[in-house]
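Protein chains in written order, with the numbering used here: chain A, 1 to 193; chain B, 1 to 153.
Because the hints were derived from the structure by calculation, they are not lab data.
Think of the CB as a built atom: it goes at the ideal place given N, C-alpha and C, for glycine as much as any other residue.
Some hints here could point you the wrong way.
Unchecked claim - Okay, the calculated beta carbon distance ranges per label pair:
(1) A:Phe6 to B:Glu141: 14 to 22 Å
(2) A:Pro8 to B:Gly144: 38 to 46 Å
(3) B:Glu151 to A:Leu37: 33 to 41 Å
(4) A:Gly120 to B:Gly144: 23 to 31 Å
Said to hold, decoys possible - Which chain A residues stay away from chain B? Per the calculated CB distances, all over 12 Å, these:
(5) Gly28
(6) Glu35
(7) Val36
(8) Pro49
(9) Gly71
(10) Ala99
(11) Pro113
(12) Val117
(13) Ala121
(14) Glu139
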Amino acid sequence: MPEDRFDPGGYLTFELSRGRAGVPGAVGAVILPVEVLERIATDGDGGGPAGVARALGEWLGARLRERLASGGNAADASPESFVSALNGLLAVHGLGRAALETYGDAALIRAEPTIFVKAGAAFLEPLFGSLFHGFLGHEVPCLVLDAPGASCVLLGSPAAIRRAAQLKSAGVGPETIATRLHQESRALREGKR
Amino acid sequence: MTPDPEAKKAKLEAILGRLRANRTNLGHPGAALPPSTDSVEPVTLPLHAAHRPGPAVAVAAAPAPLVEVAPPPPPLLPSTTVSPTVAPVSVAAAAPVPAPAPAEPEEEVRPQRIEAVAPVEAPVVRTSGAVVLHRPRTIGELLGAALRLFEKS
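Produce the entire structure from the sequences given, and follow the hints as far as they go.
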């Protein structure tokens, strides 16, 4: 007698430490909320990496704000809490993982995405730009810097992003760029005093 | 029936007498046998105690074993509520990321790495620096510092 009830056990799997979700027969799976999927399908720029990134980033940023606010201001959460919540959300959606590094005042996100890996900046810059917009309520300029094994996303002011782009084009590595930004920015402030 | 040993003894001896006479007459054809009118009544002897019937024993009938029959299972219906099933989580140690390159010689800026080793665990903050610059206490402070880079104030 055939089994009439569908057993979902084991069909959808999660590997949280790597930020991956899976279904049988696929290299990975991504959990998309209906709102995100509809926005991707109806946006004018179509479902390319940037369109997917903006829809996902706004969604994730809003969820982060909700989870970290807890009756107060989400921006008052510790950096550790932010990274933990970010990685949890990225993992259950099957989107990878990320770490946050600070070099003085400069900040880098070292991302290991699971989708649009080859798209690089075309996906990661709108993803984290929209994510921080959804989290803080205002734009956070981002610039992807090349890094072996991962993609580094620099967060900074427009002036800092412009300076970082110059250094990147000169072949300077992400960590050195972040350090230089902190040093040059501090030197600029001290010189103005 | 009243047992009378003397009368019965007399009857038995009479019977024995006729039997002896019959035996005497055997071999003499034509001799007429006297008709037997004796009857032997049963003798009731006193029963030995061991043979007396014992008291009646009422044997209760053993109750029939109870067989509990489970109610039939409900018919299988398609489930409309599917509980989410989460496979066991494989928590692998995070691959070590090479430490950022040292800064320019004029100032040693060591990075602080903030990462969640596993989303279900507390995040780990790695500070490798001998020179620990101002460490932001909140994510708002951290992002605010980044957004103020190269600003005059």
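Going through the hints against the structure:
Range check, phenylalanine 6 (chain A) to glutamate 141 (chain B): Cβ separation about 49 Å, and the 14 to 22 Å hint is violated. Between proline 8 (chain A) and glycine 144 (chain B), the C-beta spacing of about 44 Å keeps the proposed range 38 to 46 Å intact. The hint said 33 to 41 Å for the Cβ distance between glutamate 151 (chain B) and leucine 37 (chain A), and at roughly 39 Å that hint holds. Taking 23 to 31 Å as the suggested C-beta distance range, the pair glycine 120 (chain A) and glycine 144 (chain B) conforms, at roughly 27 Å.
Every CB of chain B is more than 12 Å from the CB of glycine 28 (chain A) (nearest about 14 Å), matching its label as outside the interface. The beta carbon of glutamate 35 (chain A) is kept farther than 12 Å from every beta carbon of chain B, the shortest such distance being approximately 20 Å. With a closest Cβ-Cβ approach of about 19 Å to chain B, valine 36 (chain A) is found to remain outside the 12 Å limit, as its non-interface label requires. Taking the minimum C-beta to C-beta distance to chain B, about 24 Å, the non-interface status of proline 49 (chain A) holds against the 12 Å cut.
With 12 Å as the threshold on Cβ separation, the claim that glycine 71 (chain A) sits away from chain B holds: the shortest Cβ distance comes to roughly 15 Å. The non-interface label for alanine 99 (chain A) is inconsistent with chain B: the shortest C-beta to C-beta separation is roughly 3 Å, within 12 Å. At roughly 15 Å, the least C-beta separation between proline 113 (chain A) and chain B is larger than 12 Å, which holds for a residue marked as non-interface. Residue placement check: valine 117 (chain A) keeps its beta carbon more than 12 Å from all beta carbons of chain B (closest about 16 Å).
The claim that alanine 121 (chain A) is not at the interface with chain B holds, since no C-beta of that chain comes within 12 Å of its own (minimum 18 Å). Interface exclusion of glutamate 139 (chain A) from chain B breaks down, the closest Cβ pair being 9 Å apart, not more than 12 Å.
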